[in-house]
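Chemist: Protein chains in written order, with numbering that gives the first Met the number 0: chain A, 0 to 156; chain B, 0 to 154.
By construction, these hints were calculated from the structure, which means they are not laboratory data.
Worth double-checking, as some hints may not be accurate.
Stated by the list, open to error - Here are a few chain A residues that sit away from chain B, every Cβ distance over 12 Å (derived from the structure): (1) Val10; (2) Gly80; (3) Ser96; (4) Pro125; (5) Thr129; (6) Asn136; (7) Asp143; (8) Pro156.
As the list claims (entries may be wrong) - From the derived model, a few chain B residues whose C-beta atoms are all more than 10 Å from chain A: (9) Ala24; (10) Glu27; (11) Arg46; (12) Ile67; (13) Gln71; (14) Ser73; (15) Gly83; (16) Ala109; (17) Thr133; (18) Leu138.
Unchecked claim - To be clear about the criterion: a stretch of chain A counts as covered by chain B if any three or more of its residues have a C-beta under 8 Å from a C-beta of chain B, and this derived list gives those stretches: (19) 3 to 9; (20) 14 to 20; (21) 59 to 67; (22) 104 to 117.
Owing to the predicted nature of the structure, the values given are computational and were not obtained by experimental measurement.
Virtual Cβ for every residue (Gly too), placed ideally from N, Cα, C.
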Amino acid sequence: MPDSLYDRDFVIWSETQAERLRRLAAGERVNDVDWDNLIEEVETLGRSEIQAVESLLEQALLHAMKVAARPDDPASSHWRGEIRTFLNNARRRHTPSMRQRIAIPDIYADALDAVRQMRLGGPQRPLRDTTNLTLANLLSRDLDTDDLIAAVSAPTP
Amino acid sequence: MPDSLYDRDFVAWSESQADRLRRLAAGERVNDLDWVNLIEEVETLGRSETTGVRSFLRLALLHALKVIAWPQSSAGRKWRNEIGNFLAEARDRFTPSMAQAIDVEEVYRAARRQLAGLSMPSTPGPVPERLTMTLGDLLDEELTPDALIARLRDE
Chain A
0 MPDSLYDRDF VIWSETQAER LRRLAAGERV NDVDWDNLIE EVETLGRSEI
50 QAVESLLEQA LLHAMKVAAR PDDPASSHWR GEIRTFLNNA RRRHTPSMRQ
100 RIAIPDIYAD ALDAVRQMRL GGPQRPLRDT TNLTLANLLS RDLDTDDLIA
150 AVSAPTP
Chain B
0 MPDSLYDRDF VAWSESQADR LRRLAAGERV NDLDWVNLIE EVETLGRSET
50 TGVRSFLRLA LLHALKVIAW PQSSAGRKWR NEIGNFLAEA RDRFTPSMAQ
100 AIDVEEVYRA ARRQLAGLSM PSTPGPVPER LTMTLGDLLD EELTPDALIA
150 RLRDE
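Whole structure, please, built from the sequences with the hints as guidance.
Modeler: Okay, structure coming up:
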């Protein structure tokens, strides 16, 4: 049965559960652990990390798309700096088991959607509609910012 | 002994701990839980919520200070909307047990420091040195962005 403390006061809930786990770890019999919410929270810990990496990758792609669309924009050197920061942070937070769980084509589509809704102003160069970039490509230390920008630009006929 | 999976692959760690807890809850004997890290993570859950409320309050105050420091700015309306959003987030997430862990004067000082660090096109007008509002005042449902700005201006 879920403990309604979970909804009423999450801070106390978390302290209480930690305390009960500590007793359980010490070999005591503990009957009142709020298992359902506890297990869900523990699972969510990992999922939030995945979301954080997804969001960093989306930001990196979005900034690459901005540079690709507006290479001469006064903000483009700032955007380039952002690409590096987002990719570095994504690499740092990434863990091996994320590989099967992060779908780059979906993240690419979200970034493209976001960039198309921005009012970037002025003439814009076309972007690639879909990508064959992989998670490994994006997380590689060897990925050059210019190569990434080229990878999101529509091929010149 | 901490499971090094925790450092190596946090996602895999969280899934494996959830799985072991599920077995434990079902009455199975489970010997290989990573108790130390698990307990720390569960404690941190609550602390992060408190940190979240503190950040929303700081951001609400920061935006109110921006309106006071740059009263003529064309961004004033946007800042007011932001204040409303941040106050609503803080109220939504607040729970009574957080009260002792949130020092509003410290939150206000942090907002002032952040204001001082902003790069803006013009120099800021004066902002109040100290905050005399309480946590209860800031979380009051009736506190509108304009009311917060007015309260701060009166300080």
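Chemist: Tell me, which hint numbers fail for this structure?
Modeler: Checked against the structure, the hints that fail are numbers 1, 3, 9, 11, 21, 22, while the rest are satisfied.
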